[in-house]
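My request is simple: use the sequences and hints to build the entire structure.
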Amino acid sequence: MTTLQLKDLPEVPLEAESISPDRFIGKTADEIAALPVNVGNRKACLGEFFAVSGDGGPEIVLEGDLARVKLIGAGMTQGQIHVRGNAGMHLGAGMRGGRIMVDGAVGDWAGAEMQGGHIHIRGNAGHCLGAGYRGSPKGMNRGVIIVDGDAGNEAGTAMRRGLIVIGGNSGDFTGAFMIAGTVVVFGELGERTGAALKRGTVVAFKPPRLLPSYRYACTYAPPFMGLLLRHLAGLGVAVPEAYLHGRYRRYSGDMTALGKGEILVWEAA
Amino acid sequence: MLRIINGTVYDPANGIAGEVRDICVADGKIVAAVEGGQVIDAQGLIVMPGGVEFHAHVAGAKVNAGRKMRPEDHRAMPIPRTALTRSGVGHTVPSTFAMGYHMAQLGYTTVMEAAAPPLGARHVHEELNDMPILDHGFLCLMGNNYFVLKYIAENDFARLKDYVAWLLNATGGYAIKIVNPAGVDTWKWGRNVNDIDEPADTFPVTPRQIVTSLARVQQELGLPHVIHLHCNNLGSPGNVATTLQTLQALDGLPVHITHAQFNAYGGAGWSDIRSGAAEIADYVNSHRNVTVDMGQVVFGPVTTMTADGPWQHRLYELSGHKWANADVEMETSAGVVPYQFSKRSAVNAVQWAIGLELALLIDDPWRMYLTTDHPNAGPFHAYPDIIKLLMDADYRAATLAGVHSAASTRSGLKDLRREYTLSEIVTITRAGPARCLGLANKGHLGVGADADIAIYPQVEDPKEMFYHPRYVIKGGQIVARDGRIVRDQPGRCLHVTPGYDGQIEAAISDDFERYYTVDFENYPVQLEHYLPDRVAVPCHER
Ligand SMILES: [Zn+2]
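Sequence order for the protein chains is U and R.
Start counting the first sequence at 1; every next residue gets the next number (the working numbering).
Start counting the second sequence at 1; every next residue gets the next number (the working numbering).
Everything labelled a hint here was simulated from the structure, so no lab data went into it.
From a predicted model like this one, the values you see are computed outputs, not experimental measurements.
Treat the hints with care, since some could be wrong.
Derived DSSO-like pairs: lysine-lysine, alpha-carbon spacing no greater than 27 Å straight-line [unchecked claim]:
| id | chain 1 | residue 1 | chain 2 | residue 2 |
| --- | --- | --- | --- | --- |
| 1 | R | 322 | U | 198 |
| 2 | R | 188 | U | 138 |
| 3 | U | 27 | U | 43 |
| 4 | R | 188 | R | 150 |
| 5 | U | 198 | R | 68 |
| 6 | R | 343 | U | 138 |
| 7 | U | 260 | R | 322 |
| 8 | R | 343 | U | 198 |
| 9 | U | 138 | R | 68 |
Computed far set for chain R versus chain U, every beta-carbon distance over 12 Å [said to hold, decoys possible]:
| id | residue |
| --- | --- |
| 10 | 2 |
| 11 | 340 |
| 12 | 415 |
| 13 | 514 |
Even glycine gets a Cβ: it sits at the ideal position worked out from N, Cα and C.
And the structure:
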């Protein structure tokens, strides 16, 4: 296990793609401290900002308020990162495997375009959670993101595969342009949920304001919802007991796009 | 002063194919001999003229539209700033500085922007001026211009000729570009023309009249480059018939058919599209007035951009991708659509095969040039791979085996064993394009030529060789070494100044003031201001 203790909050954001098990494995603490980071337009090394201790194994623990540390675990393929505090933007962006646990809140673009692995955020997430970057045809494509708190706007934009669970509220445009995949929101949803969604499922436990281009289909109790919620409970998500019962109103859409997707709206039993 | 000694020289314009010779440079030109100066020992290296990019979309409003609508493209190839060079981004639509560096790093020293609307000339010049290293010019869109159609409709050839000459002077353009003649004008009313005898909407003028009239104008003005034609029905199955009709209509008048791949489709629809390369190649082989460039498809992402608005709308409907459309008031239109060429698509596989088939079936390398119609059929940085496909039949067969079987069953590619020689590659990337453009000082290493030189390692694999020039020399200065830019200098603008009767200005000013959104006085580009470093390539008026 390697521990990085943040010394001082940097004045400008730190771009620290090098904080990744792939880069740490097999290195000594000194070698890890020498890994590069960008501070504004200046090149620096991790050791300038972090006290590094440990052995360079596949587990990394980050301590301190890392709200201005960007790109933690971006592109990682293996191992585990535990952030004992907040994390900055682009956490786990493009990751392909491994796990990231964050005790605090994270900035925008967490899990953006990720292709595998598992992210669990205990606090709130920023905008564009698991989204595709501007212009990209695809957002998140495999993997799991769990947020215990709230998420900002555009969660799951252009998502292609995978699962996003938001325990609190979600902002505007949740699941916009989704190609496939599943977004589950336990709290309130903002405006325009599922705008231009082609396929995939948004599950809402509080009735959302639906776009007029969604069409009511039926009210039913799909067996997969029970399986999914029990699976989530196993992943450490606090699933209210009431949600395990009840039925769902299915709305098909978005009819301005392909129209093969759905918003499922829970009704208490 | 510079001497390149002991190099193995390929200079097909001067009949030199792999001879060990010294090349001497003074004042930016090739000279017979120099005393002293810098020496490059090119022992074991291959020396050839700098590359002449014959047809690429690199500057102007439509390229910017492509950049703006594709932020995802900018993430692919970032280049950081160095002490000498500026930063840039972009894979299929690189930013201005990046474009110049990338091309120079591949050994190219001249680029012709393939389609600029006259109204956008200032923007094009500003961007080309900023593009480092490369000498540059632009092809001026005329095939759907109001005054061109009007004078053809009025059967006033003298005025047509004066207008074309005036327009080239007014814009600082280099040659006559024609895109989907009559079709682009008709697109302004939401339709297209599908036959060379179908008239436009505004004036009762057919594609046949437009191409033959402008071809005559080119000949009579003695413009250095022939008409540069993007035929009607581009991109549509069965369009090989239209292309051949167009060539027959021209009846011996000199013409360049650009990105011929896109205009060589047989079949009746997308389900049975097949190669028409053999028919085009037969015609080219038996008619010396015709030249073509490949427009070779490269599998992967591209950004299609052309004045052919109706075709771009169709491609948008076929692909479901993003789409930009523009109406350049009196002159043309434009469309931009990102696209992905896939090895697993039957249509894309046939398109890929056609470009190679054309190159392999056309006998004379002096009349067939290497292009990807960058960034329409592929990005220019795929050239080394295309060169390998042309030089190595086994590599070609191996690549063919990995693409959709339609490339084998609906084209003749699998039976072609021709392999390009290095001399022929130098011809289709340098000497031929320069000759076709009428650039007497480019594309060769004879005394008096511009000292634009590329020096490559002599290695087995042509792809490796062409990706890694050891030295690139532009105007006698070493600008790139071992893939690094070592000197950042501006290029020069190549333009033409054909003569015309000054009365044409009075003749067009009424319609101009009535219909254009700019004042007549503000229309011509101030060449002294916009093109401080320019070369007027001579015309040979008849
Ligand atoms: Zn083109």
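Each hint, compared with the structure:
In summary, the hint linking residue 322 (chain R) to residue 198 (chain U) is supported, as the alpha carbons are separated by about 16 Å, within the 27 Å threshold. Taking the CA atoms of residue 188 (chain R) and residue 138 (chain U), the gap is near 34 Å; set against the 27 Å cutoff, the hint is violated. As the CA atoms of residue 27 (chain U) and residue 43 (chain U) are separated by approximately 21 Å, the hinted pair is consistent with the 27 Å bound. For a cut-off of 27 Å, the pair hint linking residue 188 (chain R) to residue 150 (chain R) stands: about 16 Å separates their Cα positions.
Simply put, residue 198 (chain U) and residue 68 (chain R) have alpha-carbon atoms about 25 Å apart, close enough for the 27 Å limit, and the pair holds. Of the pairs offered as hints, the one joining residue 343 (chain R) and residue 138 (chain U) holds, with about 20 Å between alpha carbons and a cut-off of 27 Å not exceeded. Between residue 260 (chain U) and residue 322 (chain R), the direct Cα distance comes to roughly 21 Å. Compliance with the 27 Å bound is thereby established for this hinted pair. Distance check on the hinted pair: residue 343 (chain R) and residue 198 (chain U) sit about 25 Å apart at the alpha-carbon level, within 27 Å; holds.
Annotation: proposed proximity of residue 138 (chain U) to residue 68 (chain R) holds, straight-line Cα distance about 18 Å (limit 27 Å). Listed as outside the interface, residue 2 (chain R) is consistent with that label: its C-beta sits roughly 37 Å from the nearest C-beta of chain U, beyond the 12 Å cut-off. Taking the minimum C-beta to C-beta distance to chain U, about 9 Å, the non-interface status of residue 340 (chain R) is violated against the 12 Å cut. Every CB of chain U lies more than 12 Å from the CB of residue 415 (chain R), the least distance being 37 Å, so the non-interface label holds.
At the 12 Å boundary, the C-beta of residue 514 (chain R) stays outside the reach of chain U, the nearest C-beta of that chain being 41 Å off.
Hint check: violations occur at hints 2, 11; the rest are consistent with the structure.
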